[in-house]
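Student: Each chain, written out:
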Amino acid sequence: MARVPSLFAPLTLPRRTRLDPVRPDLRTRYLIVLVLAALATGIGSTWAVLGEKPPVGAVRLGPWQTFPRLGSADIDPYGRAILARGPHLPLAAGEGIQLSAATDSTGSSLSGSCRYRISGATLPSRGWTLVVANGASKPLTGADAAGLTDADIVTDESGKLTITASPAVSSGNWLRLPKQTRFELILRFYDTPVSSGISQLDPAALPRIDKLACEG
Amino acid sequence: MSDTALDQPIKAAPPDRRSLSLAMRASSGKQLRRLLARGNLARLLHGLALFVALAALAHLLTTLLIPRYARQDAGSLFVVAGAEGRADLIGMDVQAEVAIIDADPFTAIGVCGFDLNDGPLRVRARAGQLPLALSVHVRGGGVFYAVTDKAAQRGIIEFVVLNQVQFDERAARDDDGESIRELRVVSPAPQGIVVARALVRQPSDRQGAEALVRAMACGSAS
Numbered sequence: 049m050a051r052v053p054s055l056f057a058p059l060t061l062p063r064r065t066r067l068d069p070v071r072p073d074l075r076t077r078y079l080i081v082l083v084l085a086a087l088a089t090g091i092g093s094t095w096a097v098l099g100e101k102p103p104v105g106a107v108r109l110g111p112w113q114t115f116p117r118l119g120s121a122d123i124d125p126y127g128r129a130i131l132a133r134g135p136h137l138p139l140a141a142g143e144g145i146q147l148s149a150a151t152d153s154t155g156s157s158l159s160g161s162c163r164y165r166i167s168g169a170t171l172p173s174r175g176w177t178l179v180v181a182n183g184a185s186k187p188l189t190g191a192d193a194a195g196l197t198d199a200d201i202v203t204d205e206s207g208k209l210t211i212t213a214s215p216a217v218s219s220g221n222w223l224r225l226p227k228q229t230r231f232e233l234i235l236r237f238y239d240t241p242v243s244s245g246i247s248q249l250d251p252a253a254l255p256r257i258d259k260l261a262c263e264g
Numbered sequence: 008m009s010d011t012a013l014d015q016p017i018k019a020a021p022p023d024r025r026s027l028s029l030a031m032r033a034s035s036g037k038q039l040r041r042l043l044a045r046g047n048l049a050r051l052l053h054g055l056a057l058f059v060a061l062a063a064l065a066h067l068l069t070t071l072l073i074p075r076y077a078r079q080d081a082g083s084l085f086v087v088a089g090a091e092g093r094a095d096l097i098g099m100d101v102q103a104e105v106a107i108i109d110a111d112p113f114t115a116i117g118v119c120g121f122d123l124n125d126g127p128l129r130v131r132a133r134a135g136q137l138p139l140a141l142s143v144h145v146r147g148g149g150v151f152y153a154v155t156d157k158a159a160q161r162g163i164i165e166f167v168v169l170n171q172v173q174f175d176e177r178a179a180r181d182d183d184g185e186s187i188r189e190l191r192v193v194s195p196a197p198q199g200i201v202v203a204r205a206l207v208r209q210p211s212d213r214q215g216a217e218a219l220v221r222a223m224a225c226g227s228a229s
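As you go down the protein sequences, you meet chains A and B in turn.
According to the numbering used here, the first sequence holds residues 49 to 264 in order.
According to the numbering used here, the second sequence holds residues 8 to 229 in order.
If you're looking for bench data, these hints aren't it; they were derived computationally from the structure.
Built from N, CA and C at the ideal position, the CB exists for glycine as well.
Some clues are possibly wrong.
As the list claims (entries may be wrong) - Residues of chain A placed beyond 10 Å of chain B at every Cβ, according to the derived structure:
id : residue
1  : Thr76
2  : Arg133
3  : Pro172
4  : Val202
5  : Thr203
6  : Leu223
7  : Tyr238
8  : Asp239
9  : Asp250
Said to hold, decoys possible - Okay, derived cross-link-like pairs now, SDA-like style, lysine to any residue, Cα gap no bigger than 20 Å in a straight line:
id : chain 1 : residue 1 : chain 2 : residue 2
10 : B       : Lys157    : A       : Arg174
11 : B       : Lys157    : A       : Gly155
12 : A       : Lys101    : B       : Thr69
13 : B       : Lys157    : A       : Leu171
14 : B       : Lys157    : B       : Leu72
15 : A       : Lys186    : B       : Ala106
16 : A       : Lys101    : A       : Arg174
17 : B       : Lys157    : A       : Val242
18 : A       : Lys227    : A       : Thr212
19 : A       : Lys186    : B       : Pro112
20 : A       : Lys208    : B       : Arg208
21 : A       : Lys101    : B       : Leu72
22 : A       : Lys208    : A       : Ala193
23 : A       : Lys186    : B       : Ala110
24 : B       : Lys157    : A       : Ser173
25 : B       : Lys157    : A       : Ser244
26 : A       : Lys259    : A       : Ala216
27 : A       : Lys186    : B       : Gly226
28 : A       : Lys186    : A       : Pro135
29 : A       : Lys101    : B       : Arg221
30 : A       : Lys208    : A       : Gly195
31 : A       : Lys101    : A       : Gly155
32 : A       : Lys101    : B       : Ala106
33 : A       : Lys227    : A       : Ala191
34 : A       : Lys101    : B       : Gln79
35 : B       : Lys157    : A       : Lys259
36 : A       : Lys227    : A       : Ala253
Between the sequences and the hints, there should be enough to build the whole structure, so can you do that?
Tutor: In structure tokens, the structure reads:
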């Protein structure tokens with residue numbers, strides 16, 4: 049009957065022989081490679097997971113996504129590590145809500161070669177802003193910088209908004225988009241009472257993003 | 008000497024494809040059988056378990072240690088801001104080259120750094136016409152307190168940031184039966200920043216918003 053090896057068999061250090069006093073034997077080499085590969089995999093996976101947004105804790109509301117724990121005291125370790133890797137100042141839970149959209153309401157990626165209609169309700173707040181950002185959620189700067197606030201918008205009688213987002217000028221409420229590039233929309237509501245209950249929010253309480261047409 | 012068969016170099020007959028394939032199959036089959044032998048399989052599974060456990064441990068440790076050794080987070084970069092007792096305006100007074108990754112271009116942001124090893128910090132800001140919020144962020148990332156100007160008393164938002172020991176000392180000094188006239192916020196970390204953020208809804212609001220956040224006072228509360 050074959051002998052079952054000890055549970056710690058690979059951990060058993062080799063005995064040095066008189067003939068080969070320093071060269072580790074096969075088992076030790078196997079252990080060293082295993083440990084190094086495991087460390088590289090562990091550290092590499094941390095690096096891969098810590099992107100611009102935390103891998104956990106997202107709340108999806110139609111095309112919009114938010115990470116409510118990022119601005120609260122019970123932030124998860126991934127969120128904390130992401131904040132630690134760069135100069136971030138997330139909105140605190142009692143301060144407001146930040147939502148981002150990388151897709152329209154049908155799930156297609158937002159593209160600067162298309163025209164979109166952003167329409168619907170907004171959350172009760174003391175003010176909101178809508179900013180065009182690059183794929184990494186960083187607001188566009190320089191000539192590409194674009195955004196609106198609630199003070200720039202004309203709403204209908206029920207308070208609902210309709211904004212046309214396109215690279216070319218449009219009548220009515222217009223949000224300029226960067227040409228031919230992918231982008232994200234960042235919507236922030238300041239001092240809103242729904243900060244704490246965002247996960248229970250009906251997506252209809254936020255604007256829809258509908259694609260109208262695309263070039264080419 | 009005449010050329011004989013013995014003088015010719017020995018040439019190995021090239022193996023035909025079929026026999027090579029059979030040999031390889033037999034060899035790999037043998038290897039597989041050897042691998043799947045009870046002892047080796049157990050050793051392989053053990054090695055795999057060790058690999059997964061070590062990788063998971065390395066993943067967990069690096070995730071937890073990044074905030075501890077971070078030097079590029081806002082709390083570390085701006086910990087010396089507000090040394091004059093007033094908030095420094097980001098992009099104007101401090102670190103103009105440091106861009107806040109997720110900053111809203113429609114806000115004015117002022118910061119004061121604190122180190123509670125030097126004593127508690129008193130924060131005082133004036134509410135104005137524009138929406139204003141104060142939040143307290145710790146070094147290494149994370150927010151633990153926020154208040155908006157709706158909570159202002161007679162137009163003033165005021166609180167004291169302290170650690171647990173300082174809080175207990177203050178609580179012991181409080182006279183029984185007397186109402187405490189300050190809001191005390193216990194920080195989970197000794198260092199961090201207080202952020203004042205004012206909304207700029209129109210370009211004409213910019214100057215007022217910057218004045219509002221610069222007016223946040225941060226001083227010793229000892």
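Student: None of the hints should be skipped; say for each whether it holds.
Tutor: Each hint tested on the structure:
1. Thr76: At about 13 Å from chain B, A/Thr76 clears the 10 Å cut-off, so the statement holds.
2. Arg133: 7 Å, violated
3. Pro172: 13 Å, holds
4. Val202: At about 14 Å from chain B, A/Val202 clears the 10 Å cut-off, so the statement holds.
5. Thr203: 14 Å, holds
6. Leu223: The claim stands: A/Leu223 keeps its Cβ more than 10 Å from every Cβ of chain B (closest is about 13 Å).
7. Tyr238: Check fails; 5 Å does not lie beyond 10 Å.
8. Asp239: 5 Å, violated
9. Asp250: 24 Å, holds
10. B/Lys157 - A/Arg174: Within the cut-off at roughly 11 Å; holds.
11. B/Lys157 - A/Gly155: 38 Å, violated
12. A/Lys101 - B/Thr69: 17 Å, holds
13. B/Lys157 - A/Leu171: 18 Å, holds
14. B/Lys157 - B/Leu72: Roughly 37 Å between the alpha carbons, so the hint for B/Lys157 and B/Leu72 is violated.
15. A/Lys186 - B/Ala106: Distance of about 10 Å is within 20 Å: holds.
16. A/Lys101 - A/Arg174: 26 Å, violated
17. B/Lys157 - A/Val242: Holds, at about 15 Å.
18. A/Lys227 - A/Thr212: 15 Å, holds
19. A/Lys186 - B/Pro112: Distance ~10 Å between A/Lys186 and B/Pro112 Cα, so the pair holds.
20. A/Lys208 - B/Arg208: 18 Å, holds
21. A/Lys101 - B/Leu72: 18 Å, holds
22. A/Lys208 - A/Ala193: Distance ~25 Å between A/Lys208 and A/Ala193 Cα, so the pair is violated.
23. A/Lys186 - B/Ala110: 8 Å, holds
24. B/Lys157 - A/Ser173: Since the Cα atoms of B/Lys157 and A/Ser173 sit roughly 12 Å apart, the hinted pair holds (cutoff 20 Å).
25. B/Lys157 - A/Ser244: At roughly 17 Å apart (the allowed maximum being 20 Å), A/Ser244 and B/Lys157 satisfy the hint.
26. A/Lys259 - A/Ala216: Satisfied, since the Cα-Cα distance of roughly 15 Å is no more than 20 Å.
27. A/Lys186 - B/Gly226: 33 Å, violated
28. A/Lys186 - A/Pro135: With Cα atoms ~12 Å apart, A/Lys186 and A/Pro135 stay inside 20 Å; holds.
29. A/Lys101 - B/Arg221: 30 Å, violated
30. A/Lys208 - A/Gly195: 18 Å, holds
31. A/Lys101 - A/Gly155: 18 Å, holds
32. A/Lys101 - B/Ala106: Holds - the C-alpha atoms of B/Ala106 and A/Lys101 are around 18 Å apart, at most 20 Å.
33. A/Lys227 - A/Ala191: 12 Å, holds
34. A/Lys101 - B/Gln79: Satisfied, since the Cα-Cα distance of roughly 17 Å is no more than 20 Å.
35. B/Lys157 - A/Lys259: The given pair, whose Cα atoms are some 39 Å apart, is violated under the 20 Å limit.
36. A/Lys227 - A/Ala253: 29 Å, violated
Hints 2, 7, 8, 11, 14, 16, 22, 27, 29, 35 and 36 from the earlier list are contradicted by this structure; the remaining hints agree with it.
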